[in-house]
Amino acid sequence: MEAPLATATGAFLVVVVSVTAPRSTDITTEPRINDRIRVAEVRLVGPNGEQVGIVRVEDALRLAQEADLDLVEVAPTARPPVCKAMDYGKFKYENALKDREARKNQINTVIKEIAPAEDRPARLRHQEGPRRPVPQGR
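FYI, full-length UniProt numbering numbers position 5 of the sequence shown as 5, with every residue one higher than the one before it.
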């Protein structure tokens, strides 16, 4: 990022800041899959949810490839990291459907302030109709 350029124009101060585009090396939220997993050992979970145990990452990759699945790191902060053999394309598609459904069912609340009749413009008071006369008690 460059140093800001400041100029004074009358009573105002104008500051121009140049922002660079994000780099491709930024941290992603996508889980690591297959050969992007760079640890010696992982805790392997099978495609049906069964615990296989702690195995070398090469063996886990081989087991996933034999089952025609991807090895996906589901818990990278665990020691050792937890990986699951799954179809990653199907996993991403199902997550996208869940996100879309959650956005569709989201309720947006709009709060509007209602001002007293004296503060509203005459055209709005006219739309409300004439005021009812206050009954006089006899």
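Hints are computed from structural coordinates only; laboratory data are not their basis. Careful, some of the hints might be misleading.
[Said to hold, decoys possible] Ranges between beta-carbon positions, derived for each pair:
#1 Val110 with Asn48: 14 to 20 Å
#2 Val110 with Thr77: 20 to 26 Å
#3 Thr28 with Ala102: 20 to 26 Å
#4 Val134 with Lys98: 28 to 34 Å
#5 Arg36 with Lys104: 40 to 46 Å
#6 Thr29 with Lys112: 35 to 41 Å
#7 Asp68 with Glu101: 36 to 42 Å
#8 Arg36 with Lys90: 15 to 21 Å
C-beta: ideal position from N, C-alpha, C; glycine also.
Honestly, which of those hints from before does the structure not fit? Going through the list in order, the structure violates hints 1, 2, 4, 5 and 7 and respects the others.
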